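What follows is each chain in one-letter form.
There are 2 protein chains.
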Amino acid sequence: MNYEQLFGLIKKKRSFLCVGLDSDLDKLPLHLKSDPDGLFTFNKAIVDATFDYAVSYKPNLAFYEALGTSGWESLERIITYIRSKGEIFIIADAKRGDIGNTSARYAEAFFNRLDVDAVTLSPYMGYDTVSPFLEFKDKWTVLLALTSNKSANDFQYFQNVEGTRLFEKVLSESKNWGSLSQMMYVVGATRAEELQAVRQIIPDHFLLVPGVGAQGGSLEEVARYGMNSHCGLLVNSSRGILYASSADDFAEKTGEKAKEMQQEMERLLIENNLV
Amino acid sequence: MNYEQLFGLIKKKRSFLCVGLDSDLDKLPLHLKSDPDGLFTFNKAIVDATFDYAVSYKPNLAFYEALGTSGWESLERIITYIRSKGEIFIIADAKRGDIGNTSARYAEAFFNRLDVDAVTLSPYMGYDTVSPFLEFKDKWTVLLALTSNKSANDFQYFQNVEGTRLFEKVLSESKNWGSLSQMMYVVGATRAEELQAVRQIIPDHFLLVPGVGAQGGSLEEVARYGMNSHCGLLVNSSRGILYASSADDFAEKTGEKAKEMQQEMERLLIENNLV
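Sequence order for the protein chains is G and E. No gaps in the numbering here: position 72 of the first sequence is 71 in numbering that gives the first Met the number 0, and each next residue is one more. No gaps in the numbering here: position 233 of the second sequence is 232 in numbering that gives the first Met the number 0, and each next residue is one more.
Calculated from the structure, these hints are not laboratory results. Small disclaimer: the values here were computed from a predicted structure and weren't measured. Since no wrong hints were added, every one of them can be taken at face value.
The list that follows gives simulated cross-link-like pairs (lysine-lysine, DSS-like), each with its CA atoms no further than 27 Å apart:
(1) E/K174 / G/K149
(2) E/K149 / G/K174
(3) E/K136 / G/K149
(4) G/K26 / E/K136
Based on the provided sequences and hints, a complete structural model is requested.
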């Protein structure tokens, strides 16, 4: 999916919601915990309940890898299932960051075997990490820039003599590594005021924005500082949506939450004359 | 395995060699490429040929993940096999870097399910990435500091007004996150002269040193600038050892290469009065 197609999907669904499938076995509804196929069953129900309101799904690989071989199998099945529902943008939240032939293997694993549209990568090792991913047409690298966790401060705000901070250096250095249909950035909603600094460096790129909801970020502020002429935002919600209820009605409650977010997003898209 | 035990193993084997199992299917000897169990068969032969000369193995996860479920299964089998050979230090080269409950899932995947001793992590997201790994006793985090690839320059040399470079900031910030039995650092042999700067910040920690051999680093120089009173080095060789021959005698040639490296390491350990 390219830049224009992603914007087209956002306009069609009047939403820029990304549903994070951080499906923690410990948090599954009770009746699914004992089900050997519980992880897939849970994710399938979440996808069914949210598909009309979301433009993207983002499985976080840790929750699948923790289960070993069966987790990996479960991941392959859920991705196939999501694809069967219709047009959608799938991000493997892997935060990989290797180089050369190793990185090429990751690119192959994610883009060929798993058939996702995008993969999150860590910038620490530089261009060598990203370059093998750029070989794939209309497939995206989502590079960590400014994350929403507390200890993002440890290194991301490290600054040089001109006052440039590491996350800004990452943006300016990498923005031309690939096209607008290949590079996207993680910028946390918990630092919405920093979105202005981010937009000065990369006005046109898409941003993947975690931290709305459970982590305290505001959708209104994210849109104010981060939205551009192609929306330019995928706002992720994981915990706030997934565990809306731990009872049998979990899927229904999740669907309601996703619908609420979609409606607020639709309002923001209208306000910005994008739909 | 703790800090003293790792040093004990080095003294016992008179070696600080880590064999990187970057087992690229495309590079396997011809007769194994068509074998459905080729990856495991290849790794098993490499382990058998090198076990007497190595203190550590480092499977790089990308090569297994690229094969999907079957690759993951192959990884589990090779780790079980290595363990069955005797005392050894196993590093999962995963370069993960997530946070909170996600990072906890990775720690669980690697330390409980896969039963490795150490995992490589990227520092970009700060302490939150490492903290769940520190919950495990005598299990190690190997944090990327200064890597051996060309584009390490992109961000790792980014420096503040005092001239501190990002990799130095990573070392000084993180060195007290865990004990000497929990924290180790990747410092590439291609930048041996930087080992002096590294040792000023972390004189006692173990370093995992890639880049000797195929990438051009010198074992002699690594020892000169990096060795400490507990050796403090695990020097990795992957391509230089694994693909010593692509014919049927590949395991024999690999064993010879590993033996050569062990003998040079023994000489360096003796010179430094460590054995």
